[in-house]
Structure formats: C-alpha cells, structure tokens
Amino acid sequence: MPEQNMQGQAEQKKRQPLFHMIKRNSLPLWHSVAIRAAAILLAFVFTGILTLLFTGKDPIRIAAIMFDGAFGNSLRTWVTFQNVAVLLCISLALTPAFKMRFWNTGGEGQVLIGCLATATCMFTLGGKLPDWLLIMIMTVAAIGAGILWGLIPAIFKARFGANETLFTLMMNYIAIQFVEFFLKVADKSGSNTVGPNLLSHGWIPALFGEKYLLNILLVAVLTVLMYIYLKYSKHGYEISVVGESENTARYIGVNVKRVILRTMALSGGICGFVGLMLVGATSHSIDTNLAGGYGFTGIMVAWLAQFNPLVMTFASLLIVFLQRGAGEVSTVAGLNQSFSDIVTGILLFFIIGCEFFIRYQLIPNREHKFFAKKQTQEEQVQ
Amino acid sequence: MNEAYALEMKGVSKHFGDIKANRNVNLTLRRGEILALLGENGSGKTTLMNMICGIYFPDEGEIYIDGKPVVIASPVDAFRYKIGMVHQHFKLVDIFTAAENIALGMQDEGKYDIREISARVKEISSRYGFDIDPDKKIYDMSVSEKQTVEIIKVLYRGADILILDEPTAVLTPQEATKLFSVVRRMRDAGKSIIIITHKLHEVLSISDRVAILRKGEYITTVNTAETTESELTELMVGKKVELNIDRSDPLTDLPRLELRHISCTGPEGLPLLRDVNLHVCSGEILGIAGIAGSGQRELLESIAGLVRLDKGEIIYHNPKTGKVCDLRDHTPVQIREMGVRLSFVPEDRLGMGLVGNMDIVDNMMLRSYRHGHGVFLDRKNPADLADRIIGDLQVATPGPHTAVRKLSGGNVQKVLVGREIAAAPIVLMTAYPVRGLDINSSYMIYRLLNEQKQKGVAVIFVGEDIDVLLALCDRVAVLCGGAVSGILDARTATKEQVGYLMTHSEGENRHA
Amino acid sequence: MNIVIAFLHRAILQGTPLLFGSTGEIITEKSGNLNLGIPGIMYIGAISGVIGGFFYQNSTISVNPFLAIFIPLLCSLVGSLLASLLYCFLTITLRANQNVTGLALTTFGIGFGNFFGGSLIKLSGADVPSIALTRVAKVFKTSLPFAKQLGIFGELFLNYGFMVYLAIILAVIAAFVLNKTRIGLHLRAVGENPATADAAGINVTKYRYCATCIGGMIAGLGGLYYVMDYTNGVWSNNGFGDRGWLAIALVIFAIWRPALAIPASYLFGGLYILDNYLHVSMQLQPILQMLPYVVTVVVLVLISIRKKRENQPPASLGLNYFREER
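Just so you know, the protein sequences line up as chains L, P and F, in that order.
The working numbering applies: residue 37 is where the first sequence begins, and numbers increase by one.
The working numbering applies: residue 4 is where the second sequence begins, and numbers increase by one.
The working numbering applies: residue 224 is where the third sequence begins, and numbers increase by one.
Only chain L is shown next, with the shape it has when bound in the complex:
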C-alpha cells in the first residue's frame, strides 16, 4: 500500500509544471519600471548584435549613427519631433476607445480620411475662398470625416455587437482606396501623390517660420488635455467604468451605447485632426502612405503605455528615435530602409513579452524533479 502511494506521488510530481504561475496582485512601481527598462535594454542589445552582423560596424559607431539620424541637424531634429507628435497624437486618439475596451484598429483609416477631407477642400475650394475661411472649412471637414469613420463601426458595435476589431480594420482599406480615388481624380498624370502644386491654398500658417512647430505644440497641448479628460472629466470616468465592467455601468445607470458612440466620435475626430495637420500644415500633399503606418504603431504605443498619455510621449519618442536611427544606419551601410521596421518590431516584441512578468509571477515548483535533482545535488555537496 505505501509503495503504491509513493508511486502516486511520484507520478504527480512528474506531471507538475516547472513553474506555478500566479497573477500578481500588486507590484511596486519601480519594479515594473525596472522590468520594462530591462526589456528595452535587452531589445537594444539584441538589435545591436543584429546590426553588427549586417553592417560590421562596432556598437558605439552604430549608436552614434543612430543619434545622428535622429538629431544630427536641425531638420532631422524637427522631423523627429514631428513624427513623435504624429505618432503620439494618434495614440492619444485611440486611447479613450481602448480604455473602453473598444478595439479601434482603424486609426490609419481615420487619419487618412481626415487627410482626404482636407485635401479635397484645398483642391476644390483653394483660391475660391479666402485662406482663413478655407482653413476653417478644412478643419471642420477633416475632423468631421474622422468622426464619421469612427462612428460607423461604433454604431454597429453598439446596436448589433458587430466585431469592432475587424470592422475598423476593414475601414482602413476603404479609406486608402478613397484616397487613391482622389489621387486619380486630382492628378490626371497617374502619379501616386498629389503635391503642393495642386494643393497650393489653405496652408495652415507656420509658426515662427517653422512648419512643424504648430503641430508639435498642438499635440503637446492635446496630450495634457487628454490626460485631464481621462482623469478628471465625467466622460473620462464613464469610459473607465464601461471599460472595466459593463455590469457596474448598468448598476449606476450609465448608457453604455451612448458612451461607445461618444468615445468613438472623439477617437475618430482626433485622428481626423491628425489628417488635417499632415496635409494642411506640414506636407501639403497627399498619398496613401501619408499616415505611414502610424495608425497601427499608435495602437501598440497606446497599449504598451497602459493608456497613460505621459508614458505615451516617451514611448513614441523611443519608437521614432529607433526608426529614424535605424533608417540612418541602413542608409550609411547601403542597406534597405526597412531595417527600421525590423528594429521596431523587435523592440515591440520585447516590450510585449515583458508585460507577462509584470502581470504574473512565476514560482519555481520545488516538487518538480528538475529542482528536486538540484536539491539532491546540493545535499550531496554538503
């Protein structure tokens, strides 16, 4: 009998996992910051080795090139901050939706449709109206178009429960084709971009002669406003409640459908605003790649920053720095520019992976034979 029991226990040990996984209740702030910092550091080491393999340059030289690419001269610095502003702004736009657990994967399309609305106004009304009036119309059109693009999936989600991840995703490509349509109509030569020569009116004035400055400042203001909106406004509070528990929202009498529609209108509207600034203030041109995939990168930034606008600023800076730095490295080494996407991807993988260690705790299973063996070894040594 006892023998059988021993057998049973051995069998049980054999099948037990190496680690027990436990959801963490709480983690000191510095601890979670340290885990993320370690992940970023690891990602840098990893990509550093990769770069070394591809380019044969030593790591310090690579770092210098990267820094040069991002901040090497005043234009590069401006472009870097402009890109940070755009990425940050899209992340800010997506945040309220995500906080409500509404997976808005349609940022790219909402930005593009804002670009399209702006460009259409500039193209059709340019020269016929005073610029100030045109700019006002552009603003209304761009933000309105973004709102529309955000509201369509939201209506079907609220009313019928249509899967919003897939719906918003599809809306991106519909927007891209609309832009394509505009390009073909506006420029009969079949070029795939419509430039400043055709969009010559309704330029949003540059501040102090720096065309990126206004955009950067507006996004900085928006960051603060979004922080306040989410944290201190009644709307922000409702968003949190709906996101955390629809049952609680019901209990306190929140109209969940209305919150979904309102929040997606806000999300789309800000994306539309990004489109306005991209076309009206900085590029004065439009093509299907104007949002540059930031509509998707913004999703990851917002998620990884845990919806905190201030952390998002840092995350955007990190990603843009890496992209521009890696871009410069590949230029110097004569390699393809897409190297920066690989580097971005690797960084994201590391950060995504490290979240696990923030949310869960691994406890080594002492009974597992792996550890048991170690113990006996230790005993033998003693």
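Treat each hint with caution, since some may be false.
[Claimed, not checked] Straight-line alpha carbon distances no greater than 30 Å define the calculated DSS-like cross-link-like pairs of lysine-lysine that follow:
#: 1; chain 1: P; residue 1: K409; chain 2: P; residue 2: K23
#: 2; chain 1: F; residue 1: K361; chain 2: F; residue 2: K345
#: 3; chain 1: P; residue 1: K114; chain 2: F; residue 2: K429
#: 4; chain 1: P; residue 1: K94; chain 2: F; residue 2: K531
#: 5; chain 1: L; residue 1: K135; chain 2: P; residue 2: K140
#: 6; chain 1: L; residue 1: K93; chain 2: F; residue 2: K345
#: 7; chain 1: P; residue 1: K140; chain 2: F; residue 2: K429
#: 8; chain 1: P; residue 1: K140; chain 2: P; residue 2: K114
#: 9; chain 1: P; residue 1: K458; chain 2: P; residue 2: K323
#: 10; chain 1: P; residue 1: K114; chain 2: P; residue 2: K94
#: 11; chain 1: P; residue 1: K140; chain 2: F; residue 2: K364
[Stated by the list, open to error] Computed footprint of chain F on chain L, listed as stretches where at least three residues anywhere in the stretch have a Cβ under 8 Å from a Cβ of chain F:
#: 12; segment: 203-210
#: 13; segment: 334-342
Source of the hints: derived by calculation from the structure; they are not laboratory data.
Using N, Cα and C, we set each Cβ at its ideal position, and we do this for glycine too.
We have chain L already, so just place chains P and F on it with the hints.
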C-alpha cells in the same frame, strides 16, 4: 479488500487563501448506490466533488478508487478512473450538436464518425430511458435537455462513478421525477452516483445513504432508510448558534416599499420570480432566506431597475412628499430622478458594486459622479467621504488611493456598504453583505444595518446563514424556486422552520 | 469570349495568394487566435522562399526541378513557422494581447521582407543586378504541357503552376479536417469555449499552438506563390501590397469556412483586376479595388444583425485562456 469502496476519500482538505473550503473530509461511496451529499450553501460540497474530478487538487488527504490510492491531477485522470461529473453550470459548446458535445475530448477509436456516435448516444438513451435528439444544437435546447446531454456525455465515456451537482435546481418537478427514474436505472446497472442537493424530500426519495457536510467539515453519513427529515435538517444546519446581535424593535409598520405580484423570466425561459408579494416597512430589517439562486438576485435587481419584469408593481411610498409611485420599467437613473433614495449593495461586489481597478476615492463617486454641473469630476467630496469611511469603518488600506481590488474581502465590503449608507438611503438593499467576511467585519456590518434601521430606513437583508437571519432581522421571507414560500417572525421562528421552507415551495409540498 | 476566359484565368491567379492566406487564418481563428500578424507572415514566407531560391539558383548552373521547388518551399515553411511560433509564444504562453502582438508581427514581417528583398544582394555579395529567380520560378510555373491545347477547358482549369492546385487542396483538406474529424471538432471547441474544451481533457495550449503554426505556414505559402509564380520570381518591395489584409477580410467574407473561401478568393481576385477588363476610366479603379473591403464590412454587419449562431466568429476569438482565471 473485497469490501473495497468504489470511491473513498480520507482526510481530504482544501483551502483557498485563508478560506478553508474543506477540512479533513472522509467520504465513502459503494458500488451500485446513490449517495446524497447534503449541506447548506458554502458547506464545501462542490469543492469536494471538484477534487474527485480533477479540477482542484487536494492540499491534504488521499483518494482511493476500488481500494487503490490514486492521483487525480486533471480531468483526464478522472476520465481514466471512470469518474464523470455533471456540473451545475453546463460545460457545453453552444454551437455544437448533442452528439458533437458528447464526442468532445474522446481520444480512442479509429475513425471519427459522427453518425456512429449518434447511434451510440441513441443506444445509451434507450437503455436508461433518456429522450434526446443527438443532432440537435445545444443553443436550441432547454435546460433539462442540456442536462441530459451532460449525463449522457459522462455515460458515453463509460463512467462508473457519476457526480451530479444540484441536478434538480434547474428542473421542473416533472423533469426532476423523470431524472430520478433514470438515476435509479443507472444505479441498478451498477453505477455509483453522488447527488449534491439541499432538497430534503429528494434526498429521502432517491438516495441510499446521505453524507452531510457543514461549513467545510464532514459531519456524518447516515442510511436514508433510518433517518428522518428533521434529523437531516438538524445535521445540515447544526445546533442553533447564539449570536450576540443587538436587535431593537421595529420603528413602524408603515410600508415603505411594496412588491405586488412581481414575476420575471430568465433568458432560458425559466421563471425566476413567481408572483412575489412582499413589503418592507420603514425602520425594520426584512430578511430574505433561500437556497442560492432562488430568485434573490432578481428580486433586488428588479427593485433597482436592472431587471425587466413580466408583471407586477413595485410601489414606493415617498416619506417626504407622501406620494406613491411605481418603480417598474424605470432605469436606475430615472428611479433616482423620481426622488427615490435607494441604496443597493449587490452580491457581486467587485463586478458590479465597485470597480476593482479604481481607487477608493473613485469608487466613492460611482453613484454620485454626475453631481454638479460642469464637465469635470468633483473629487473633493468623494475624497472626504473616503477618508470618513476609512476612519469610521476602520478600513485597512494603505490609503484612499489604493485600488479596491487590492483590499481584502472585508475591507472591500466596508467600502461598498459605507458608500451606499452615506447616500442617506430610505430603502437599503444588501445581498450577502457578510459573505467571506471575518467575525469582526461581520459584526460591524450588522451594527451598521441596525443603525440604519433605527434611523427609519427600510432595510432588506439577503442572507445565507439562518442563524444570522433570525438574530438580525425582524421578519424573514423565505424564497423557494422564485416564489415566497413563507414569511416568518424572526423573533419566534426556528431554524428548522426556515430550513423547511427553503426546500419546500407550495407546489413541491403537494408533490412530496 | 476569350477575354472572359483570360479574366477568369487571371482572377484565379490573383485569388490564389488570398486563398492560402485565408485558409491559414481560418485555421488560426478557429482556435481562438486572431492573428493579425498574417500579412507579416506572408511577407516572411515569401522572402524566406526567395532567400532559399536565390542561394540555390546562384549555386548551380543547371536547375534541378525537384530542388528548385523543395528548397524555397522548405525555407518558406520554416520562415513562417518561426514567425508563428513567436506569435504563439507571446500570446499563448506569455498571454500578451493578440491584437498588439499581431500588429507588431506584421510591422516586423513586412520590414523583414522588404529589408532582405532590398539588401539580399549586398549582404550576400552576389554578383547579380537584381533578385530575379527566373530559373527557379519557371519550375514553379510549370503547368501541364498539353493544357494549352485543350482550348477553353485547358486554359481555365489546367494551365496553372502546381501551387494554385495546392491552395485548393489545402482549403479542401482544412474544410474536411475542421468539419469531419475529431481533431477539427476539438479545435473548434477550443476556439468556441476553451474552458469546456479544457474540462473535456483537450490540451488547449497544444491545439492553439498547432493551429496557429499550421495556419501561419499555409499563409506563408501564399507569399511564396506570389513571388515564385505570380511575379515570375522577381521580388519587388511592397509588391505584395495589402493582400495580407485582404486575406483577413476574406475570412469574414467566407464566414470562417475554408470551402467557401475557395470561390470567395477567386471573387476577390477578380475584383482586384476587374478594372483592367471593364475599361472603366482610371479614376474608378480604386472604387473597384475598394469593393472587397466594402462587401466584407457588409457581411460582417449582416452576420451580426442576423445573429445566426453558426455564422458568428469563434466565441473566444481574440481572448487568451488562463485556466486559473475564473
């Protein structure tokens, strides 16, 4: 060894955190018998059974099958030892047919042929007298059909030990009768069956022996033929425990809230409330007793405006204006705008009453955040309230900005009850307010409810511990199967009376 | 008449990468994983095959037909497998958010494809002007020699490289396995209700890993077909375009049924090139190209309005499973 039991548990214990779900339980199951496992809510019946079928692993103790010690570390192990359990919450894939659900997880045999499985299902059905269409989708099935699928699933796997967790809770009396005849036929075919239940008349009519658990502890096992209903009740509820709760006399007998003939139906089409008539007076505590799932939640949620009623009226007597209004078909916000001061401590504290990831201050304003004009939140008053509640109710927390999810159960409840009382209610509804709380926290909640009563608030207290209900409340209404089976004066009623009403609705009385 | 045949022929050529992609994604989604990394995986599958083919073609003068297929195919499968494993590890083992992980994988995968596509020659130090795997591609494109002589029938049904048929075969197998086998039953249960599957003794983790990896490898073949057959072995950066997302749209359009995905992908393929045949003005081209996405949205809305249970996305799509989380 020739007298080996089909199943034996020796000294089995299981705890979750600080809560001891099972302590040193011994259980025996013979071959070809029906064993009833009897106990109140929270007495650890389901936890114990989950250890037999591999969902939980015991902290201490041994399990023997046919006299041999076994380790059941996963549901797969349980199948291997021919143990099958029919859970209270069915584990079925909705868009699959009955046959597909039955085939799920089966690894043996060569070719997968759903028609062959259907045929075998039909064969099993006819052998034991089930009535089931193997090709019907689960989402088209009634509750009793789903249960049948679960039972056939277990039989299909060749289980010799069947565990049925409160099988009749979801059935009509006719369906229950049918189920029992099937269960008897399974016993006669040599299967060993454990039925979890709290309905005494069922225990007496179906089982061969009865094992009783109370508060996680094994009490005894008796032969059904040698016992009586009153003996079982006593074993199940235990001796009356003297609770030191101060109880003042009710202030008035003025009805504050009246429920007239309210009924509602669940999503499955099953009636959840059946023609309930109740009233609660200003300055009294009305207790609601009943087995879990007898309609308590729907009762409170229908008053709070969260459940749509099929019929009936919810009449509120406004003490300020003296006016009378019907709350039925109004949303929570509308009810508040009608000037009804209704506070509600729901059963699901972190899933409904509070938001776990928010701090105490933010949880304070869940109901009041709309106050004031402007678009911004006023955190000043909620912060003051949070400080006051933390101080007055001795909430153990690092500070008012700690997420409530991180607090212990008792402190979570203090935060919730504190907030609801701070709204100066006229009617206060509480669902299982002391569940999972330690003695001191429980007594604090009792004290708070008594204070409210003395202020003239009409208090509704849904509880599970009969001792508490009888010691705290003025009247106790007992629910059984969604209907009121009796209203007792808590000062004179006995524990057995309550226990009896909990398990006997009027219809079932006649039936038994 | 000839133009109709030519159109149908090209629609099938166009639809084939979509069919690979959607078959792979259907298998993946049936397990409950919403792998938005599929567009990236298709790039990885394509470039891995290209790298294999590139080194093989540059190493030999006479191309052995067997090796010309085997090497790129194997490289492609290994590339997609590794990418899928990464996704599985992050979402299943580390329980990361599926959408975020998928999008990161797509960013990575497209970058990976374009980077090696653009830098392969420099990195390998080969002495060729561009990546043109014409000799390898010729093998991939080989169709039955007598197909052309069989008139319309031959042109429409027989005049393709083997991968066109492989796509159909894989979709049919997937349909069969999902609906008619025990493995398929278990897989669907995992995607519908992992807790129930777990209680029935099905290893949820194993099924999700396998389905996602197999799905990823099939999708990767779509990328391989595109470079090796459709573009005659000529890699051009971003040439694959938005076909990966079209494949994901197709999954919805085909309401998660691989058998339906076969005609649906040819329909999408046809819509993709319809403008060339309709002689519409150039401006209207994008409107036609938009159609696949618009009809997908319409299908998505219709299934959510009609609420027919069989047509819904797998119930636990996008959700990670953790047994202890109750």
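These are the hints, each one checked on the structure:
For the hint pairing P:K409 with P:K23, the CA-to-CA distance comes to about 21 Å; that is within 30 Å, so the pair holds. A C-alpha spacing of about 25 Å is found between F:K361 and F:K345, which places the hinted pair at or below 30 Å, so the restraint holds. For a cut-off of 30 Å, the pair hint linking P:K114 to F:K429 stands: about 21 Å separates their Cα positions. Proposed proximity of P:K94 and F:K531 is supported: the alpha carbons are some 21 Å apart, at most 30 Å.
For the hint linking L:K135 to P:K140, the alpha-carbon distance of about 36 Å lies beyond 30 Å, and the restraint is violated. Using a Cα cut-off of 30 Å, the hinted pair L:K93 and F:K345 holds, with the two alpha carbons roughly 15 Å apart. Between P:K140 and F:K429 the CA atoms are separated by roughly 27 Å; this keeps the pair inside 30 Å, and the hint holds. Pair hint P:K140 plus P:K114 holds up; C-alpha atoms about 23 Å apart against a cutoff of 30 Å.
The suggested pairing of P:K458 with P:K323 holds, with an alpha-carbon distance near 15 Å, which does not exceed 30 Å. Of the supplied pair hints, the one linking P:K114 and P:K94 holds, its CA atoms being roughly 25 Å apart against a limit of 30 Å. Pair hint P:K140 plus F:K364 does not hold up; C-alpha atoms about 46 Å apart against a cutoff of 30 Å. As drawn, the segment 203-210 of chain L meets chain F at 7 residues by the rule of a beta-carbon pair under 8 Å; at three or more, the given contact holds.
Under the rule that three or more residues need a Cβ within less than 8 Å of chain F, the assignment of the segment 334-342 of chain L holds, with 4 such residues.
In this structure, the hints that do not hold are numbers 5 and 11, in rising order.
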